[in-house]
Amino acid sequence: MIRVVDLHKSFGRQHVLRGVNLELEAGQITTIIGGSGSGKTVLLKHLNALLVPDRGNVFVGDRDITKLSQSALNEVRRKFGVLFQGAALLDSMTIYDNVAFPLRETTRLKEPEIEKKVNESLAQVGLAGAGYKFPAEVSGGMKKRAGLARALVIRPEIMLFDEPTTGLDPLLGKSIHQLIRKMHATYSFTGVIVSHDIPEVFEISDRIAMLADGVIIEAGTTEEFLASQNPVVKQFIHGETEGPIAVL
Amino acid sequence: MPSFFGQIGRYAIQNTAGMGRTFLFLLSAFAWAFRPPARFRLIVHHVRTIGVESLSVVILSGVFTGMVMGLQGYYSLRKFNAENFLGSAVALGILRELGPVLSAFMVTGRTGSAMAAELASMKVSEQIDALYSMAVNPIQYLVTPRIIAGLISMPLLTAIFDVVAIYGAYVVGVQLLGVSSGSYFSGMELSVVFKDVLSGFLKSVSFGLIITWICCYKGFNAPPMATGVGQATTESVVLCFVMILVWNYFMTSVML
Numbered sequence: 007m008i009r010v011v012d013l014h015k016s017f018g019r020q021h022v023l024r025g026v027n028l029e030l031e032a033g034q035i036t037t038i039i040g041g042s043g044s045g046k047t048v049l050l051k052h053l054n055a056l057l058v059p060d061r062g063n064v065f066v067g068d069r070d071i072t073k074l075s076q077s078a079l080n081e082v083r084r085k086f087g088v089l090f091q092g093a094a095l096l097d098s099m100t101i102y103d104n105v106a107f108p109l110r111e112t113t114r115l116k117e118p119e120i121e122k123k124v125n126e127s128l129a130q131v132g133l134a135g136a137g138y139k140f141p142a143e144v145s146g147g148m149k150k151r152a153g154l155a156r157a158l159v160i161r162p163e164i165m166l167f168d169e170p171t172t173g174l175d176p177l178l179g180k181s182i183h184q185l186i187r188k189m190h191a192t193y194s195f196t197g198v199i200v201s202h203d204i205p206e207v208f209e210i211s212d213r214i215a216m217l218a219d220g221v222i223i224e225a226g227t228t229e230e231f232l233a234s235q236n237p238v239v240k241q242f243i244h245g246e247t248e249g250p251i252a253v254l
Numbered sequence: 437m438p439s440f441f442g443q444i445g446r447y448a449i450q451n452t453a454g455m456g457r458t459f460l461f462l463l464s465a466f467a468w469a470f471r472p473p474a475r476f477r478l479i480v481h482h483v484r485t486i487g488v489e490s491l492s493v494v495i496l497s498g499v500f501t502g503m504v505m506g507l508q509g510y511y512s513l514r515k516f517n518a519e520n521f522l523g524s525a526v527a528l529g530i531l532r533e534l535g536p537v538l539s540a541f542m543v544t545g546r547t548g549s550a551m552a553a554e555l556a557s558m559k560v561s562e563q564i565d566a567l568y569s570m571a572v573n574p575i576q577y578l579v580t581p582r583i584i585a586g587l588i589s590m591p592l593l594t595a596i597f598d599v600v601a602i603y604g605a606y607v608v609g610v611q612l613l614g615v616s617s618g619s620y621f622s623g624m625e626l627s628v629v630f631k632d633v634l635s636g637f638l639k640s641v642s643f644g645l646i647i648t649w650i651c652c653y654k655g656f657n658a659p660p661m662a663t664g665v666g667q668a669t670t671e672s673v674v675l676c677f678v679m680i681l682v683w684n685y686f687m688t689s690v691m692l
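Chains A and B, in that order, give the protein sequences.
Position one of the first sequence corresponds to residue 7 (this note's numbering), numbered consecutively onward.
Position one of the second sequence corresponds to residue 437 (this note's numbering), numbered consecutively onward.
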């Protein structure tokens, strides 16, 4: 479904991605883990061309999105839904209007149909009746759920989640994970999660990949990954301070 | 460690590239104005925020600017027994220079800074990335309507400033200091020609472009950190003030 080939990205003198190769299977949830500042979000933002690589390719289906025109790229982007780290709701609009926004902008649906879809999406994420509130008036967990409703309302083929539980307490974090699993079961999207919420995120992942030193050092099914003998992977998933990863 | 000339070269390249990006940003905003969907509602919304919401501060500054001009003009002209020229002196000064420049300053302070802060905050909180990811072009959605609204609002605000300032000077010069009402308005009628009004109009349109362009560019390219919002706001206001004064000199020298 998505194939990343020899991806390089630098910011100034900082070479963040140093040749990432990764295949993301259709219909499965793949979680990318890695230490803080390892480039997980940078990698995620290349998957729908929010960032342009210095070198390398990103194939969505059989199209290399690093070489597309703006209009062709917009067509590809319509296949994606993104849940940003801080939800990235448009703060001048109510939650209802935020969820309706992609439908109003990218479809020709009439307002009554939009209303039906928005209310359905809000109900699915447990926000029925909260649509009139502005993003500044709701909690972090509600923002994430509203962001999820906005991403899912267009029924995307691919969902990108950028640290979906960051800033939430463990219970809210778990509820967001359950919601992602439930939505995946309903819509069967291809999911990519960037997270360091370990081990909780393993429960909702079909596959795991670990990013370290700008490359994918291990990738496989969740079972294969947990059985990995790679010392870097073992240290990271067990949260040990002693090992090949320099903690301080 | 780069040499002295190396540092100068790097500085020159960075600034030239920055200017290039700024012009490309403006070209892109204009190009998106001619591509569907039309954003009439957003344009009307921004005419309200740039125009209607700046009205009170523009009127207030216009009244007092006119009153000061009436007062200073009267005492200066009286030295030459030329009080009857007060109307023409006030009208020419306000229509050609003070009206466009001062109303542009007011709009920069009142709306330009808020515009830069809002866009910078959207950048920092990934709202602009969210627009890209929803296949909505942020320049078309956020920048083009603001620039069009600036082009519409600034001449209207300047016209209001001009009228209010001329009546402010009238109140001081005629009502308080005793200049004859007839000579105030007839002097104005005799000395002001269409070119003076056109000059003020063209200046105000160009200031509307400068304010919205600079403030949108600075907001849109704010550094993605907490201090980015403040930095974008400060830089946009300072740059607008400087650009308004520099551009005003060029316009004046060309249109005299």
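Just so you know, these hints were derived from the structure itself, not from any lab.
Don't be surprised by glycine CBs; every beta carbon is placed ideally from N, CA and C.
Heads up, some of the hints might be wrong.
Listed next, the stretches of chain A that the computed footprint assigns to chain B, with coverage defined by at least 3 CB atoms under 8 angstroms from CB atoms of chain B [stated by the list, open to error]:
hint: 1; region: 51 to 60
hint: 2; region: 89 to 97
Simulated restraints, written as ranges between beta carbons of each label pair [as the list claims (entries may be wrong)]:
hint: 3; chain 1: B; residue 1: Ser439; chain 2: A; residue 2: Pro237; range: 38 to 48 angstroms
hint: 4; chain 1: A; residue 1: Asn63; chain 2: B; residue 2: Val633; range: 32 to 42 angstroms
hint: 5; chain 1: B; residue 1: Ser512; chain 2: A; residue 2: Ala142; range: 47 to 57 angstroms
hint: 6; chain 1: B; residue 1: Val488; chain 2: A; residue 2: Glu121; range: 28 to 38 angstroms
Hints, one by one, checked against the model:
Beta-carbon proximity to chain B at under 8 angstroms applies to 3 residues in the region 51 to 60 of chain A; the threshold of 3 is reached and the given coverage holds. Interface restraint, the region 89 to 97 of chain A with chain B: holds (7 residues with C-beta to C-beta distance below 8 angstroms; minimum three). In this structure the hint that B:Ser439 and A:Pro237 lie 38 to 48 angstroms apart at CB holds, the actual value being about 46 angstroms. The given range of 32 to 42 angstroms is broken by A:Asn63 and B:Val633, whose C-beta atoms sit roughly 59 angstroms from each other.
Hint check: B:Ser512 to A:Ala142, Cβ distance near 53 angstroms, so the stated range 47 to 57 angstroms holds. As the Cβ distance of B:Val488 to A:Glu121 is approximately 30 angstroms, the hint placing it in 28 to 38 angstroms holds.
Hint 4 from the earlier list is the only one contradicted by this structure; the remaining hints agree with it.
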